[in-house]
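Asker: Chain order of the listed sequences is A and B. According to my numbering, the residues represented by the first sequence are 119 to 765, in order. According to my numbering, the residues represented by the second sequence are 16 to 341, in order.
Check before you lean on any hint, since a few could be wrong.
Unchecked claim - If we take Cβ atoms under 8 Å as the criterion, some of the chain B residues that face chain A in the derived model are:
id, residue
1, 155
2, 167
3, 281
4, 312
Bear in mind the hints are in silico, worked out from the structure with no lab data behind them. In this text, a Cβ means the ideal position worked out from N, Cα and C, and glycines have one as well.
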Amino acid sequence: MTFCCASGGFDDAPIKRHPSIAVNILCDKVLSLSHPIDQCAKRPHIRGMTDLSRIRNFSIVAHIDHGKSTLADRLIQSTNTVADRDMKEQLLDSMDIERERGITIKANTVRIDYHAADGHDYVLNLIDTPGHVDFAYEVSRSMRAVEGSLLIVDSTQGVEAQTLANVYQAIDADHDIVPVLNKIDLPASDCVRVAEQIEDVIGIDASDAVMVSAKTGIGIDETLEAIVTRLPAPDGSVDAPLKAMLVDSWYDAYLGVVVLVRIMDGVLKKGQRIRMMATNAVYPVDRIGVFRPEMTSVESLGPGEIGFITASIKQVRDTKVGDTITHEKKGAETPLPGFQPSVPVVFCGLFPVDSSEFEDLRDAIEKLALNDASFSYEMETSAALGFGFRCGFLGLLHLEVIRDRTEREYGIELITTAPSVIYHIFMKDGEMIELHNPADMPDPSKIDHIQEPRIKATILVPDEFLGDVLKLCQDRRGLQEDLTYAGSRAMVVYDLPLNEVVFDFYDRLKSVSKGYASFDYQMTGYREDNLVKMSVLVNDEPVDALSTMVHRDRADMRGRAMCEKLKDLIPRHMFKIPIQAAIGGKVIARETLSALRKDVTAKCYGGDASRKKKLLEKQKAGKKKMRQFGRVDIPQEAFISALKMDN
Amino acid sequence: MRSVFFGGGTPSLMKPSVVDRILNRIQQLWPLTNDVEITLEANPTSIDSAKFAEFSSAGINRVSIGIQSLNDADLRRLGRLHSVQEAMTALEIAQKQFARVSFDLIYARQDQSLSSWETELVQALSFAPDHLSLYQLTIEPDTAFALRQAAGKLAGLPNHDLSADMYQLTQYICDAAGLPAYEISNHAKPGQESRHNLIYWHYGDYLGIGPGAHGRVTLDGARYATETPLSPADWLHSALEGSGESKRYSLSPVDQAGEYLMMGLRINEGLNIDRYEGMAQKKLDQLSVDNLIKDGLAFLSGRRLILTKPGRMVLNSIVVALMPIH
Ligand SMILES: Nc1nc2c(ncn2[C@@H]2O[C@H](COP(=O)(O)OP(=O)(O)OP(=O)(O)O)[C@@H](O)[C@H]2O)c(=O)[nH]1
Ligand SMILES: [Mg+2]
């Protein structure tokens, strides 16, 4: 084994990794100019390529909020990767929306140096992953780039649905797993019980679980030692043709397309010409670097290493996650296995509030799609809403995140239509149509039957809430498949129609279980059911964006609930407004929104004119943000809120 | 000069001699019409009503008294310093001293029922006023009331339907008493309308003099809005040094059209469509007008758009619907 010591590579000033906001990047660059150079001086051993036996690559996985990002903070801090004065909580959650919601959305990689008890220096590449089920694809991809996982379990909560889901994925990826019991500083922490649970429910040995408090720093040294001693070093050969796994890619306003790679074999150097094996696109490598967590240039990356490259890639299509990158000449013959593609399961329309912003929306959506391999889109037109995009997401939170980012980062206000799943419509003539949007439903008389997607949902819930959870699943047309107990927690498995889940199931589950139930699901397949399209008429005008697919037996109930909701969501107008739900031509529910009776300023004299007029102008501007259907203004939030069910 | 109005705050705190001097000066500057209306807004306190005779000799010929409520507990709640008894005495004195007397009440107050308002209004009418201002308490956005309401500190306000019922009942009772509304909140015996306030609603010209006064003046064909410093000290300084104005800006045609729309639709005469369209430099939206007529909220009388009673009750929505945009 050759030990190649590249030149250290701090030639370029580090560039803050956060994508897409140029202004930030520039500021951060100025702010952080000095200290990485100090780091360089203190750490002359940093190099672009490391002896395989001194590398440990691992992902940090857990159920949502169990403390992954906080543990990452401590690992980063206790190894002096980032100076104390530059630390902040959940340092890696750098997007505004992550910081606001306190959750991780994008997986993040950091390279840290660790001087272990055995006297050796190690390079640790950690990947902090998101915990929410909607971002499971980030987790599964990350796991393909590493050899081990730290499985964090909140010792006050125990095993939750995503704990299970993540373990299965880790096992699938052949990972060695180190269980970590977190939050031991809290009085409610119960490590004995939780360790038992890990053994009973998951079936892995928890006798040597590391006990930590990511908050206070207890057990961090033990965690670092466990990483070095209990997780495997990567394999790979320096001399073999280059095989680099394209783990992720995103668009950075400053650098263009950035590609996250894991080198399996061979060495990747600055200036070399590389080929994307799936697309055959060839590029010279502009820049190679690692995340510390700022982007920091290195000269080369060798086997087992994780880092980024930029290569003036113009076409994002050329960077397919899961692809293998090799050298243009003398490249690898066969690519790496690649990733299972992610399948969007929830679809909805995104339309600009101001229809003149359609092109801006296109630009925003294309850029966001670059950052997020699991998001899909195609153009859509709606009679009511004009031009927009039908977008596919991994779940509702994913949808919210994309919508929020479009609004914030690109300043485009959006109307979101009701989320829907893909129905399979079998026509009498034998054709099968994939229906992504209920508004496109073909003539029912030509339909033979309709199939809908189903899922297997796993729910973990404390006993006392089991009854409510079962009722919720039953109400959502679920079929119970399994019910087992682990201590005072029940694990229920249900076969559920996806369309009953995509929308507000997660919220309802949280509310009926006071936040104690956790939930995970997988798609299982399609099944026929008695499904119909329910349309909504407001003031006798059909509102296509409110059409939904419902089960015939529940249509009346849903129709009534929807009309009642809309009656609350639509503001009173100067005339009364009938609101109806209909299947085909048949009205199944009806409400009347009575007319506004009083809306007048009592006092208005000469001195008030300017101020009062401003108030009315403000109202007029507010009205412009609503959508007009005939004479009725419907506020944007109505398109989603109308579908939320109270049970 | 057709009218002078001493209003805003508590002008009745002024010495009658000051009123006298101001009126003399006005007369020197602009000739007064024979039927000039000179109104003073007055507090119904004994201190102020003691000066009514002198105000009358100074030239005031109309007073408008801020009685607000005929219920002592509610007066305290509204932060008023007078009692019902004092108010009634003040009204009596005023009716002796002045040819024209108006007073105002606020209704739809906290915890007020429809029938208690009815009783109060009937009592008010028994004082035989020839003019009444009846203001429904409405919480306007960005006011101290709105903040208190948002903080949950304004319980017991009538809901939408009750406040609509109260307004309708008010119209019914006043119509029957011979004091129909000539404006959203103003009722008068025919001929007793406030000529001064009608200038605002006709969107005519008026000068604003004194601290915090607003004006609308036409100069060389352009229309200007004027404002004066709000604090009396600043105003005094500004008046001694210069014009007494703190702001003067020209109103764009669209601004004027918006203001005229908002003001003009408040009164029985309604909006002169030709005048409006001249200001807006575009037509009044025909479809909206047709819809208002269809919904029974407005009607056309020649080239005037006039709101019906239900229409007046939703004036703000109507103005928003018709308002020209920049
Ligand atoms: N008391 C205590 N709180 C902790 C500890 N570790 C994490 N937390 C808190 O738990 C919450 C969630 O922590 P995160 O690190 O954001 O959790 P996460 O697993 O990264 O969450 P997601 O990325 O959204 O899945 C935060 O409020 C942390 O401050 C701990 O050891 N003790
Ligand atoms: Mg996190």
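Asker: Hint by hint, work out which the structure violates, then give me just those numbers in ascending order.
Answerer: Failing hint: just 2.
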